[in-house]
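A.B. asks: Construct the complete structure from the given sequences, taking the supplied hints into account.
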Amino acid sequence: MSTTTPKLGLPRPVASDNVTLANQQALIDAIDSGAAPVASPALSGVPTSPTAIAGTSTAQIATTAFVATAVASIDTSRLAPKSSPAFTGDPTAPTPAVDDNDTSIATTAFVIGQASNVPPLMDGTATIGASKKYSREDHKHPTDTTRLAAASYTASDVLSKLTTVDGLGSGLDADIVRGVNIFQQNQTTHTNAIGLTEAVRWKNFGNGHVIFDASAGTSPNNTSINNTNSSVPWQATYPSLMGWNGSQTYGIRVDSARSADYVNGVQLRDNAGVLEYFSGGSWLSMGGAIIGASDITVQHSFATEYINIPSNYNNGLLVAKFIPKGIGDAVISADMKAFAPTYTNVIYLSVFQENSYDNNGNPMPQFRFTTTPGPNWRLPIGTMLGGTNTGPTTPLLATGSSGSNYINVSGVLRIHSRDPIYLVSYWSGEGGGGLTLGLKNIQVKYDIIG
Numbered sequence: 001m002s003t004t005t006p007k008l009g010l011p012r013p014v015a016s017d018n019v020t021l022a023n024q025q026a027l028i029d030a031i032d033s034g035a036a037p038v039a040s041p042a043l044s045g046v047p048t049s050p051t052a053i054a055g056t057s058t059a060q061i062a063t064t065a066f067v068a069t070a071v072a073s074i075d076t077s078r079l080a081p082k083s084s085p086a087f088t089g090d091p092t093a094p095t096p097a098v099d100d101n102d103t104s105i106a107t108t109a110f111v112i113g114q115a116s117n118v119p120p121l122m123d124g125t126a127t128i129g130a131s132k133k134y135s136r137e138d139h140k141h142p143t144d145t146t147r148l149a150a151a152s153y154t155a156s157d158v159l160s161k162l163t164t165v166d167g168l169g170s171g172l173d174a175d176i177v178r179g180v181n182i183f184q185q186n187q188t189t190h191t192n193a194i195g196l197t198e199a200v201r202w203k204n205f206g207n208g209h210v211i212f213d214a215s216a217g218t219s220p221n222n223t224s225i226n227n228t229n230s231s232v233p234w235q236a237t238y239p240s241l242m243g244w245n246g247s248q249t250y251g252i253r254v255d256s257a258r259s260a261d262y263v264n265g266v267q268l269r270d271n272a273g274v275l276e277y278f279s280g281g282s283w284l285s286m287g288g289a290i291i292g293a294s295d296i297t298v299q300h301s302f303a304t305e306y307i308n309i310p311s312n313y314n315n316g317l318l319v320a321k322f323i324p325k326g327i328g329d330a331v332i333s334a335d336m337k338a339f340a341p342t343y344t345n346v347i348y349l350s351v352f353q354e355n356s357y358d359n360n361g362n363p364m365p366q367f368r369f370t371t372t373p374g375p376n377w378r379l380p381i382g383t384m385l386g387g388t389n390t391g392p393t394t395p396l397l398a399t400g401s402s403g404s405n406y407i408n409v410s411g412v413l414r415i416h417s418r419d420p421i422y423l424v425s426y427w428s429g430e431g432g433g434g435l436t437l438g439l440k441n442i443q444v445k446y447d448i449i450g
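Sequential numbering from 1 applies to the sequence shown in UniProt numbering.
Just so you know, the hints here were simulated from the structure itself, not pulled from any lab data.
Where hints are given, some of them may not hold.
Calculated cross-link-like contacts (lysine-lysine; reagent style DSSO-like; alpha-carbon spacing at most 30 angstroms) [claimed, not checked]:
no., residue 1, residue 2
1, Lys-321, Lys-445
2, Lys-440, Lys-325
3, Lys-321, Lys-440
4, Lys-325, Lys-445
C.D. replies: Quick look at the structure:
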């Protein structure tokens, strides 16, 4: 009895079988139909093959094991991702056709190929155009033959064009700027005079600052203003009008300086008929000499001794008066004493000067007179001054508990004007038995230094 082959299952005769021609042909047909051809076999199922050694590069069949090993060994860090790859070096791509307009990669060859080789059009009507070409950097436009060359225009041509469009009904008036006639009309002499009918903006002074005519007493926004003096005096940072000849600036005279708030940057004022200037935080009178404090040069001296000095801040004794020879600092000294054996007493010397101020801008008088008029030049030295609320503010000199002997006391007085200066003395304290008061040898010392 015949058996079958283990792989293809073909009948395999044994010695007792009678093999006929038909059996032989059937066997050959079975082999032909069941075997895979050598050329381009179409295998099915799960065919196997010997796995080649890793790195093999021949015509040997690559099994799945060989491929898996090869893929695992690939360095993916050297591969570009499909989404947004960042190529390096000199990557290439197929060059699209000229005028291509899709998502193909535009190579350098494609970009250069889109440059136009046609000269720009001349004398045409402005259009957007439809060409995908672009112009080269060094392209040139031809001369527009519909325009007159600039060289053909003369000054007379330009003037003729302006005068042609000027005038009523023309739609354009050469004398009108933003609806305002800047030239004065119906002039018989100053035909080219400019009429300042609206505010003119400064070239370089903040936003909204303008020059305007204030003679009507109204501002550019029609509010009422002083047409004589500005609300803010001029100073060096404010605009200045000047003349210009192309190389130098020139001063401009505007009528006359009837009332000047500043002269060369110095602020001035009229203080009860005395012209003063502001310097170093103080108002100083104009004119006269400049004086400086001295310990030697006596300009005014008052030797009289006074022992009957009023007290209690309600009285004052006029002990000296003088007119300073200038403005500046002066040393005022005096021999003074105020002593009682068991009580505290102080003798004072204060200064009074009308229309003057100290370094802090406060009124100069250091002795106040509220209900009784203050000293004046007609009052003789030795006059007792007094009244309700009469008394000192800040004394210049003071001494107390000096014993029965005189001591010399001095202080520096800043003089701001040449108005008369009055020295007033008084004392305060507890009084008491044996009280000794005295004042003598008042001296005013200063040098004339300028």
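A.B. asks: None of the hints should be skipped; say for each whether it holds.
C.D. replies: Hint check:
no., hint, result
1, Lys-321 - Lys-445, "holds (14 angstroms)"
2, Lys-440 - Lys-325, "holds (23 angstroms)"
3, Lys-321 - Lys-440, "holds (14 angstroms)"
4, Lys-325 - Lys-445, "holds (11 angstroms)"
The structure fails none of the hints (numbered hints given earlier).
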